[in-house]
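Participant: Working from the sequences, and respecting the hints, build out all of it.
Taken in sequence, the protein lines are chains A and B. Note that our numbering has the first sequence beginning at 1, numbered continuously upward. Note that our numbering has the second sequence beginning at 1, numbered continuously upward.
Some hints could be false.
Said to hold, decoys possible - BS3-like, lysine-lysine: derived pairs with alpha carbons at most 25 Å apart: (1) B/Lys259 to A/Lys272; (2) A/Lys263 to A/Lys234; (3) A/Lys48 to B/Lys149; (4) B/Lys309 to A/Lys22; (5) A/Lys50 to B/Lys376; (6) A/Lys50 to B/Lys388; (7) B/Lys259 to A/Lys265; (8) A/Lys13 to A/Lys104; (9) B/Lys388 to A/Lys84; (10) A/Lys48 to B/Lys335.
In case anyone wonders, no lab produced these hints; they're calculated from the structure.
Spelled out from the first residue to the last, the chains are:
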Amino acid sequence: MIGFLREIINIFKPHVTVDFRKHNGTSSKARGIPAYIGDVDQCAECRKCKTICPTHCIEIQTNAISFDYGACLQCSLCVEVCEKEFISESGFVDVYSARREDLKIEYNSEGIFNTKEYESPAMETLRQETIFELVHKNGFNFREICAGSNTGVEWEIGASYNNVFDMESIGVRVVASPKHADILLVSGPISENMHHGMNVAWNTMADPKAIIAMGTEAVSGGLWRHGVFPETPKFWIAGDPPRPDVMVRAFLTFMGRRDFDFKVKWLEFIKKGK
Amino acid sequence: MESRRVVTGLFENLKFFHDGKSIFAEMSNADFRQNLNDSSIPISLLRYNYGLTWDEDYSRIDEERYLSTHRMDQLNYLYDSSKGIRGFDYSRLEVPLTNLDYSHAVGPIHAGLIEPGHFRFSVRGEEMRHLTIRLGFQRRNILDACKSKSVFEITNLLSSATMDSSVANSLAIIRAIESKFPSPISSSEELYRLILLETERLAVYVGDLGGIAGDVGFYPLLGVCSTERGFPLGWMELLTGSRFGRFVIMPFQSRFNGKASLEDIQAYLKRFHPWLKNLNKHIERAISSSTLRERMQNVGTVSAEQSWKYGFSGHTARSSLAKIDIRQSEPLYEKLDSQFFQSITSHKLTGDSWSRFLIRYYDIQKSVAIIQAASKEINWSELKRRWKPYQLENLNASHEQITYGVSEAWRGSLLVAFKWGANNRIDKIYYRDPSVLNWLSLELASRGMLIGDFPLLNKSFNHSYAGVDL
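Facilitator: What follows is the structure, encoded as structure tokens:
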């Protein structure tokens with residue numbers, strides 16, 4: 001009886017689930033990806049950020065500096081060593097795209113960053129795929145393959161199913177058998193000994209199917225050598241590991257239910273910050 | 001009983017002993033063959049240190065002999081005089097079967113969100129006769145990646161071995177570095193490390209309780225725990241900027257989240273008590289339910305005797321009342337909470353799944369208490385100063401050729417040792433995750449249990465695959 005009353009009271013309590021429509025891609029206390037806000041010309045000599053980066057994802061050329069956010073572990077060590085304070089901790093965590101190259105950002109002396117080769121949003125290509133029709137309408141089931149992941153991604157996927165993030169409400173479910181899956185979610189740098197297992201799982205899946213790379217290690221290998229996917233992933237989600245809310249927003253984007261383009265939003269974000 | 005000790009690591013000419021309270025090193029010139037005959041060295045450790053991979057066919061071995069816990073019987077099939085000792089990696093496996101039994105291979109991909117491994121069950125009807133576990137699928141060649149890297153890079157690489165014990169990993173690593181370069185550490189720094197280590201334990205144990213509840217079909221607690229785990233993770237993120245405390249603990253001075261203000265921290269600390277009260281209410285409800293208790297009692301018992309013999313640690317050992325916990329040798333724990341190592345339960349802990357459920361519940365209480373006690377002592381503003389990459393060249397190095405560091409991860413006692421070469425560079429690394437020794441407990445505990453108990457067993461131990469497959 002008391003339990004029943006508690007349920008009734010619960011109906012009137014404010015809900016704890018995150019409203020993903022109202023989110024701007026940042027997390028107030030997380031480090032997020034580093035934002036470069038300096039003057040490229042002054043950065044040619046000092047290579048402190050490049051040296052300290054655990055995954056060596058910073059490249060310094062004359063008049064340009066590029067950050068590969070698909071390889072960034074969001075450790076903020078580059079922020080700490082930059083004496084000129086040209087790199088800042090952004091708190092921006094929504095690092096995912098349908099195109100791997102989009103996660104690489106070049107900052108040059110002309111503008112905040114280079115947009116010259118940015119012709120079409122990455123989602124346009126994804127929309128042409130047969131898998132898109134399915135996931136857009138019905139959501140999807142995924143089978144997760146842990147291929148050398150250090151369990152961070154697994155913990156956070158688990159968390160994304162709690163009542164704060166509520167992944168199932170957007171129509172994304174975990175399934176045990178690849179035969180029931182539409183998406184193969186790969187985490188970890190793809191260890192050599194998992195190649196075979198992963199390929200078997202992939203070949204068992206029925207069409208239409210796609211691979212999503214989950215976590216920085218899957219996107220770029222992170223600290224380790226990167227293995228080979230059975231097929232190029234259709235979506236890349238970076239983060240070490242991606243936060244549960246990032247996963248949900250990334251899946252919503254992948255399903256075409258949310259308008260998000262990493263390059264565009266990141267440019268807006270940096271401009272606002274400056 | 002108290003004077004017992006077990007070898008917990010082997011590196012170069014050092015033999016590391018675990019006496020329950022601490023890990024200490026002794027010189028030893030024993031070669032592989034001598035170590036093989038030394039019954040104080042668990043076979044798991046030998047397999048980790050010297051293990052080689054070859055195709056295994058044990059189908060001709062008598063099943064009784066395969067199940068024997070005698071060292072000689074185990075070595076009889078794990079050791080081959082022409083090759084060496086068989087490691088943990090899977091290649092090909094045949095296990096002994098009688099014509100009443102059925103053998104079933106599970107893995108490397110398991111059902112659910114879990115790391116890969118090869119589990120070979122042999123079942124008679126519903127009963128598991130034996131279980132043989134082979135790993136190796138997670139191998140990222142971490143030790144190769146560490147070759148000819150700087151001390152700083154090695155810290156980052158090695159602490160990334162397992163995400164769920166990032167703090168414990170980095171703690172053991174930096175203690176090994178700090179004993180090479182002895183230098184005073186501020187008391188706030190010590191307290192900060194303790195807080196992070198206990199926060200990690202707290203987060204994982206809350207998640208584990210939910211996982212265990214899920215595996216026995218008690219979903220209300222699974223729902224509560226998977227949500228409430230966010231609280232310690234949020235605390236970790238507030239302090240460090242990362243939910244898992246990645247790249248935070250550094251030699252001499254750890255990093256601190258620049259975005260965390262003193263007010264934020266005080267406000268969060270105030271929320272600990274109501275959070276715990278609410279969580280306890282749900283866990284107590286599960287504990288007071290006789291069906292849950294009976295479901296878990298006498299399932300997968302690991303005795304204190306076994307823990308000492310095979311070198312188990314962490315909740316695997318402590319749930320059987322074996323006092324194996326190296327936090328006992330850290331004066332800070334006793335200082336902050338004189339009752340910390342006292343038992344707080346009237347329940348009898350026997351080493352079964354139920355005890356492993358309970359020990360996590362009690363550890364949660366203790367971790368919260370010690371986090372709060374440490375937060376009263378700590379000077380937060382001292383931690384907030386800007387982190388600088390340390391310069392080892394400017395420090396006085398000790399003459400020790402080999403230094404080591406230990407930490408009590410939530411899985412058990414973790415050991416890291418470095419061999420130092422010229423110019424204070426690291427020549428050789430020894431990293432021994434508690435799971436190296438603990439994995440055997442799952443094999444032993446499964447025998448004679450029902451196959452339906454296996455998910456519960458596996459979750460109640462929660463060993464690491466990535467920590468063993470470096």
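Participant: All hints, please: hold or fail.
Facilitator: Hints and how they fare:
Between B/Lys259 and A/Lys272 the CA atoms are separated by roughly 19 Å; this keeps the pair inside 25 Å, and the hint holds. At roughly 17 Å between alpha-carbon atoms, A/Lys263 and A/Lys234 fall within 25 Å of each other, so this suggested pair holds. For a cut-off of 25 Å, the pair hint linking A/Lys48 to B/Lys149 stands: about 16 Å separates their Cα positions. Note on B/Lys309 and A/Lys22: the hinted pairing is violated, with a Cα-Cα distance of about 56 Å set against a maximum of 25 Å.
Note on A/Lys50 and B/Lys376: the hinted pairing is violated, with a Cα-Cα distance of about 39 Å set against a maximum of 25 Å. Between A/Lys50 and B/Lys388, the direct Cα distance comes to roughly 16 Å. Compliance with the 25 Å bound is thereby established for this hinted pair. This hinted pair checks out: B/Lys259 and A/Lys265 have alpha carbons roughly 22 Å apart, not beyond 25 Å. Between A/Lys13 and A/Lys104, the direct Cα distance comes to roughly 43 Å. Violation of the 25 Å bound is thereby established for this hinted pair.
The suggested pairing of B/Lys388 with A/Lys84 holds, with an alpha-carbon distance near 14 Å, which does not exceed 25 Å. Between A/Lys48 and B/Lys335, the direct Cα distance comes to roughly 41 Å. Violation of the 25 Å bound is thereby established for this hinted pair.
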